[in-house]
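Engineer: Each chain, written out:
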Amino acid sequence: MLLAFPLTIFADETGIVLAEGEGRNQVQALCSMCHSVDYIVMNSPFMDAAGWEKSVRKMITVMGAPISDADAAVIVRYLSTHY
Amino acid sequence: MHRRRFIFDSSVVLASTLLPTSRVLAAAGDDLPAGTVASSSMHVLAGKRPLIKRTFRPPNYETPVELFRQDYTPNDAFYVRWHTAVPDIERSDWRLRVTASPSGSPREYTHADLLQKFRLHEVAAVNQCSGNRRGLFRPHVPGVQWGYGAMGNALWRGVRLKDVLEDAGLDRNALEIAANGADAPMLSGPDFIKSLPVGKALDADTLIAFEMNGEPLSNWHGFPARLVVPGWTATYWVKALMELNVLSRPFDGFWMKTGYRVPRDLFGPSGFESQDTDQSSAITAIRVNSLIVGPAPGATVPVGARTELLGIAWDGGSGIQRVEVSLDKGASWREAALERDRGRYAWRHWRFAVEPAQRGAFTLMARARARDGSTQPETLIANPAGYHHNVVQKVEYLAA
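Protein sequences, first through last, are from chains R and E. According to this note's numbering, the stretch in the first sequence is residues 1 to 83, in order. According to this note's numbering, the stretch in the second sequence is residues 1 to 400, in order.
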């Protein structure tokens with residue numbers, strides 16, 4: 001069965017402003033495929049690099065996020081630097 | 001084939017209005033992660049009053065504690081929690097597909113079939129997210145950083161799960177019943193499917209509910225039908241229920257095998273033996289708990305005059321035996337007055353009057369004891385996923 005997955009983004013969610021920095025574009029493009037990025041801000045600042053690595057790996061291996069290893073590394077670096 | 005639509009449409013966008021940050025958000029703010037405080041706001045979902053937005057998509061919205069003054073939490077104030085997109089189902093399209101034995105073929109019921117064939121039953125019960133109060137864990141653990149409001153108490157009405165399973169020809173070797181909702185997996189992620197042990201599934205209070213507080217379920221709460229599993233955390237209360245499958249082996253989907261688990265024996269026997277491993281158990285019954293509803297933490301109360309405190313207490317279904325309050329940091333405890341008992345799965349309000357003799361800050365603690373003898377711990381029982389937070393609450397007031 002083919003399910004049309006909603007990629008429409010809430011107007012409100014576009015108001016979330018993530019910190020500027022290298023990797024923000026990858027986060028906006030890839031993480032936002034499945035969830036609003038307030039998940040990131042909400043889970044901060046208590047997460048360390050290992051915590052973010054674990055979280056991003058789970059999104060790829062369990063949730064099926066189509067994120068390359070190169071992008072994953074950039075995302076983890078961005079998250080552990082800014083959040 | 002059921003038509004599945006999802007309410008991520010423009011009507012929701014238009015109805016969602018940013019409100020000014022209020023005192024409500026500050027209530028548990030001191031204890032939540034700084035990022036949670038910064039990213040939370042009061043928002044209106046379609047048909048709802050302003051709730052505390054933790055995440056937009058999927059929608060995770062929490063009820064402000066001040067709305068727990070009523071016996072039953074109004075539907076428009078009830079917290080919202082989804083793992084993926086919220087289904088939007090037409091009742092005329094909806095079928096419940098029940099496969100009552102591991103090798104059997106499915107039997108389908110329409111909404112009208114269920115109403116016509118089975119007697120309606122009603123139960124008052126607390127629906128509490130497994131991760132309620134996760135944001136208050138120290139050290140913090142990842143996940144939705146809920147404060148105190150990922151819960152509510154409602155009157156649920158529907159047909160007994162038992163009656164439907166038996167009508168469909170429940171297999172005598174049944175071990176678990178797997179329940180699947182219409183919420184679809186993200187990309188190639190795991191579908192949200194939960195299983196129940198056959199004993200809990202056959203409990204006379206376990207329902208396939210259509211109504212909540214006398215109204216049809218809204219989409220936010222699982223229209224047209226959801227499981228109601230009184231006494232157990234809300235992860236089992238599968239919304240937008242589509243499918244029931246009887247199994248003779250433990251269900252091993254992600255949301256049973258990996259998600260929603262607690263360390264083995266940390267909270268006593270799980271009551272779900274087929275899901276126990278050497279290391280962990282599925283989270284099951286709600287732990288005894290209490291909450292001060294008002295006055296709000298940090299409020300100023302008058303010196304030399306009575307102020308009545310209102311709270312709630314609940315557990316996993318044995319019922320509340322008593323609630324005690326301490327004004328001297330736990331050295332001595334006095335019994336609070338319990339309000340009307342709405343049933344063993346419902347929360348129970350309690351009242352306690354204070355009359356401060358002198359000016360200054362004072363701390364109030366409240367702890368509940370259930371009829372099964374369990375009581376709230378003084379220190380947090382740490383666990384990796386941040387479940388079962390039921391530490392005795394300490395609230396500061398100022399007498400002036």
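Some hints here could point you the wrong way.
Think about it this way: if two alpha-carbon atoms lie no more than 25 Å apart in a straight line, the pair counts; the simulated PhoX-like pairs of lysine-lysine are [said to hold, decoys possible]: (1) E:K257 / R:K54; (2) E:K329 / E:K257; (3) R:K58 / E:K257; (4) E:K162 / E:K117.
For the chain E half of the interface with chain R, some residues (derived, Cβ under 10 Å), not all of them [said to hold, decoys possible]: (5) P33; (6) S39; (7) G47; (8) P50; (9) R54; (10) L115; (11) Q116; (12) K117; (13) L120; (14) V144; (15) M186.
Stretch by stretch, here's where chain E covers chain R in the computed footprint (C-beta under 8 Å, at least three residues) [stated by the list, open to error]: (16) 16-30; (17) 45-58.
Please keep in mind that the hints were generated in silico from the structure rather than gathered at the bench. All C-beta atoms in this analysis are idealised placements derived from N, C-alpha and C, irrespective of residue type, glycine included.
Engineer: Evaluate each hint against the coordinates.
Structural biologist: Each hint tested on the structure:
At most 25 Å may separate the alpha-carbon atoms for a hinted pair to count; K257 (chain E) and K54 (chain R) meet this at roughly 18 Å. With a C-alpha separation of about 41 Å, the suggested pair K329 (chain E) and K257 (chain E) falls outside the 25 Å cut-off, and the hint is violated. Distance check on the hinted pair: K58 (chain R) and K257 (chain E) sit about 15 Å apart at the alpha-carbon level, within 25 Å; holds. Distance check on the hinted pair: K162 (chain E) and K117 (chain E) sit about 13 Å apart at the alpha-carbon level, within 25 Å; holds.
Proximity of P33 (chain E) to chain R holds as hinted, the smallest CB-CB distance being about 5 Å (cut-off 10 Å). The criterion of a C-beta within 10 Å of any C-beta in chain R is met by S39 (chain E), whose closest approach is roughly 4 Å, and the hint holds. At about 16 Å, the closest approach between the beta carbon of G47 (chain E) and any beta carbon in chain R exceeds 10 Å, and the interface hint on this residue is violated. A distance limit of 10 Å between C-beta atoms decides the matter here; for P50 (chain E) the minimum to chain R is near 13 Å, and the interface restraint is violated.
The restraint placing R54 (chain E) at the interface with chain R holds, with a minimum CB-CB distance near 6 Å, inside the 10 Å limit. With its C-beta approaching chain R no nearer than about 28 Å, L115 (chain E) sits outside the 10 Å limit, and its interface hint is violated. The interface hint given for Q116 (chain E) is broken, as the beta carbon of that residue sits about 29 Å from the closest beta carbon of chain R, more than 10 Å. Look at K117 (chain E): its Cβ only gets to about 28 Å from chain R, farther than 10 Å, so that hint breaks.
For L120 (chain E), the suggested interface contact is broken, since its CB lies about 32 Å from the closest CB of chain R, more than 10 Å. Annotation: interface hint on V144 (chain E) holds; nearest CB of chain R at approximately 7 Å, less than 10 Å. Because the smallest distance between the Cβ of M186 (chain E) and any Cβ of chain R comes to about 4 Å, under 10 Å, the interface hint for this residue holds. For the segment 16-30 of chain R, the stated coverage by chain E is not satisfied: 1 residues place a CB nearer than 8 Å to a CB of that chain, which falls below the threshold of 3.
Counting residues of the segment 45-58 of chain R whose CB lies closer than 8 Å to any CB of chain E gives 5, which reaches the minimum of 3, so the coverage claim holds.
Hint check: violations occur at hints 2, 7, 8, 10, 11, 12, 13 and 16; the rest are consistent with the structure.
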